[in-house]
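Visitor: One-letter residues, chain by chain:
Protein chains: 2
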Amino acid sequence: MSEYRPFDSGASMIPSSEPFTPINQVGEFGLIDRLRSVLGDDAADSLVQGIGDDAAVYRVGGGQVHVITTDAMVEGVHFDRTFVPMRYIGWKAIATNVSDIVAMNAIPHYATVALALPNNVSVEQLESLYGGMAEACSHYGLNIVGGDVTAATKLTLSITVVGEAREEDIVYRKGAQPGDLLCVTGDLGASAAGLEVLLAGKKGFEAGGDGAETSQPNLIEFAYAVERHLYPQARLDRMKTWAEAGVKLSALIDLSDGLGGDIQHLCKASGTGAVIEAGLLPIHMQTFKAAELYEKDPLSMALFGGEDYELLFAISKADKEKLDENTYAVVGQVVDASEGITLRDPDGNVTPLETSGFQHF
Amino acid sequence: MSEYRPFDSGASMIPSSEPFTPINQVGEFGLIDRLRSVLGDDAADSLVQGIGDDAAVYRVGGGQVHVITTDAMVEGVHFDRTFVPMRYIGWKAIATNVSDIVAMNAIPHYATVALALPNNVSVEQLESLYGGMAEACSHYGLNIVGGDVTAATKLTLSITVVGEAREEDIVYRKGAQPGDLLCVTGDLGASAAGLEVLLAGKKGFEAGGDGAETSQPNLIEFAYAVERHLYPQARLDRMKTWAEAGVKLSALIDLSDGLGGDIQHLCKASGTGAVIEAGLLPIHMQTFKAAELYEKDPLSMALFGGEDYELLFAISKADKEKLDENTYAVVGQVVDASEGITLRDPDGNVTPLETSGFQHF
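Protein chains in written order, with our numbering: chain F, -1 to 359; chain E, -1 to 359.
Careful, some of the hints might be misleading.
A pair counts as met if it fits within one copy or between any two copies, since identical chains are not told apart.
What the hints assert, rightly or not - Subject to a maximum C-alpha distance of 25 Å in a straight line, what follows is the list of computed SDA-like cross-link-like pairs (lysine to any residue):
1) Lys320 - Val119
2) Lys287 - Ser314
3) Lys152 - Val75
4) Lys238 - Leu197
5) Lys200 - Glu323
6) Lys318 - Asp40
7) Lys320 - Ala241
8) Lys318 - Asn117
9) Lys238 - Ala42
10) Lys200 - Glu16
11) Lys152 - Glu26
12) Lys152 - Phe81
13) Lys152 - Arg164
14) Lys294 - Arg32
15) Lys152 - Arg34
16) Lys152 - Asn117
17) Lys320 - Pro176
18) Lys320 - Val82
19) Lys238 - Glu219
20) Lys172 - Val147
21) Lys315 - Pro280
22) Lys294 - Gly61
23) Lys320 - Val348
24) Lys238 - Gln62
25) Lys152 - Val82
26) Lys152 - Ser120
27) Lys200 - Pro17
What the hints contain is simulated information worked out from the structure, not anything from laboratory work.
Could you put the whole structure together from the sequences, leaning on the hints where they help?
Guide: As structure tokens, this is what we get:
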């Protein structure tokens, strides 16, 4: 039957002499580059943006585009069921995908959920998980329209979200111009601080005792930071406010890896450099307190802690005037690519900003 | 900050007194029903079909709809890397999702891939995996436009595919009418037969020896069945042929769980019963041979083996005349719901067709 086309002679078999390059040798982003090149680039005409931004963009007619993003959350990698309630895991899975849609300046509409689960999860726990997803969907205005449930050894949630926008309104990672201001929403590092607090709490709990002789922290004291970790907010609110004010951003990315990592993506896509002003980074008081308690550097938390799900954007000085000053903070400036990506401390000392954002490998 | 809304007092926490219903007590489809009810049904106006068919359907304007489906493949559940080359895993991951798009009578356009992977996978193996996905994408005319790569303990591939159609052309699971003929494409059970052969081969390999004193099968003898398992074909070809012939199917589903399971879904959605004629089921010679060798019932393989990725459809007797008789086989008839879903053997004995399709729990 001619329609069955076996692969070329043994090309698919992996002989033992095949080179074995460990993934950590090329890193997460190196791996993505190699896999992209396998896929090639014979894209459909309707495809505006493929792999390489927060979401892909394709035309659906009438000047409208859809954007699509997918993200997986794996137990033991992204969350720990021993101290994170299922409801929060569900919320976060949706919110972090919505954040990628927001980072294209689009509105989320539909989601699908592929759930792989071990048999030590109960129906009631899954109802809590889906309750958190339903709450996030209601909050951000999207519907879960499809899914898949399968067995696995670790709970894994793979979410895909589709959003919509006018093609002319999409904001990419590319587009930043030297002279643009670099800005962020919210504050940075609090999610990482909250995670430290939760991990210390778990350790204290496992060690037993009433908390007096253990390192079990006072969760109330760190409520904001813990909530930032468990219950991240996609910045749809900001994008809607700015759209109403007629603001046009030059470039945009969401802060999932940490500012120090995500600025690299934005600059690489835009073909620019950047100067980040360490003294301008918005850092919450609880982040400083957690850093002190757990002997971490608050600046490193803000730059490399990750999972802030705030927005990093570039904007021209002229357009900046349209922004309500309570909705963002200036953290630096876009410069020529030849100047690299640097961090300037309050004393004016400039050092290269190393890529130390979270990588999975 | 009022925009942070903590969940209601402790509602998200799971006290130890929480009921614990194991998933296997409600089953895969029972679980899906319960999770659907958590999500509620306040759907967007543009949503035509949510959870409950092979893919969801939403309007994109101009009379067009998009359809979206997601499926996860988990190592140790859906595939075994010890005897399935990566390239085939990649092909199958795309082809099985395309099959769900085809089962709505839509054309696949875009895919996203969320990849969770352990550190015992090499970059070269992932390139093979993506090579198989690229080959399938090229064959079915779609593009991989986005993805996510994360660490995990088991290789997990979660694929989402978006397709397009005119709204009036979509064919649902619902829509079968008593009196319609039930038909399938291709043959049934060969994928399950191929899996038996591969598993026997693995066992023989592990036992060592040259195959003379082990049960290691002759793969050439079962090449068709093995290929059906490793290298399934989504029936886009059939749907295109029938569209050109102006055929309108009443109801349609792809055969992933096995005819015996998938007929239940089609009948439930349509509110009908069905009679399947055991003597009419198309079963390949290699399936019979594998069944004999491994002491299985070939009829059970055809009904419940699963992973055929052929199409099961209902069609009126009038429309059937437009079908090229080489493209399908009649396997039964749609009857009134009160008659249930039954299997009739060549002697005319009728028995209820039990739901024994593959369930994950």
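Visitor: Now look at each hint and say whether the structure bears it out.
Guide: How the hints compare with the structure:
1. Lys320 - Val119: The answer is neither: 49 Å in one copy and 50 Å across copies each exceed 25 Å.
2. Lys287 - Ser314: Result: close neither inside a copy nor across copies, 35 Å intra and 72 Å inter.
3. Lys152 - Val75: both (10 Å within a copy, 12 Å between copies)
4. Lys238 - Leu197: Neither: 35 Å inside a chain and 55 Å across chains, both beyond 25 Å.
5. Lys200 - Glu323: Neither: 39 Å inside a chain and 65 Å across chains, both beyond 25 Å.
6. Lys318 - Asp40: The answer is neither: 38 Å in one copy and 38 Å across copies each exceed 25 Å.
7. Lys320 - Ala241: within (10 Å within a copy, 53 Å between copies)
8. Lys318 - Asn117: neither (52 Å within a copy, 45 Å between copies)
9. Lys238 - Ala42: between (30 Å within a copy, 19 Å between copies)
10. Lys200 - Glu16: between (43 Å within a copy, 21 Å between copies)
11. Lys152 - Glu26: both (21 Å within a copy, 17 Å between copies)
12. Lys152 - Phe81: Classified as both: same-chain Cα gap 16 Å, cross-chain 23 Å, threshold 25 Å.
13. Lys152 - Arg164: Result: close neither inside a copy nor across copies, 39 Å intra and 39 Å inter.
14. Lys294 - Arg32: neither (35 Å within a copy, 44 Å between copies)
15. Lys152 - Arg34: Classified as between: cross-chain Cα gap 22 Å, same-chain 27 Å, threshold 25 Å.
16. Lys152 - Asn117: The answer is both: 9 Å in one copy and 16 Å across copies each meet 25 Å.
17. Lys320 - Pro176: within (20 Å within a copy, 64 Å between copies)
18. Lys320 - Val82: Neither, since 40 Å and 58 Å both go past 25 Å.
19. Lys238 - Glu219: neither (32 Å within a copy, 63 Å between copies)
20. Lys172 - Val147: between (37 Å within a copy, 22 Å between copies)
21. Lys315 - Pro280: Within one copy, since 20 Å is at most 25 Å while 70 Å is not.
22. Lys294 - Gly61: neither (49 Å within a copy, 57 Å between copies)
23. Lys320 - Val348: neither (30 Å within a copy, 75 Å between copies)
24. Lys238 - Gln62: Within. Shortest intra-copy distance 17 Å satisfies the 25 Å Cα cut-off; inter-copy 28 Å does not.
25. Lys152 - Val82: Both: 15 Å inside a chain and 22 Å across chains, each within 25 Å.
26. Lys152 - Ser120: Both: 14 Å inside a chain and 21 Å across chains, each within 25 Å.
27. Lys200 - Pro17: Cα proximity of Lys200 and Pro17: across copies only (24 Å, versus 41 Å in one copy).
Consistency note: the structure conflicts with the earlier hints numbered 1, 2, 4, 5, 6, 8, 13, 14, 18, 19, 22, 23.
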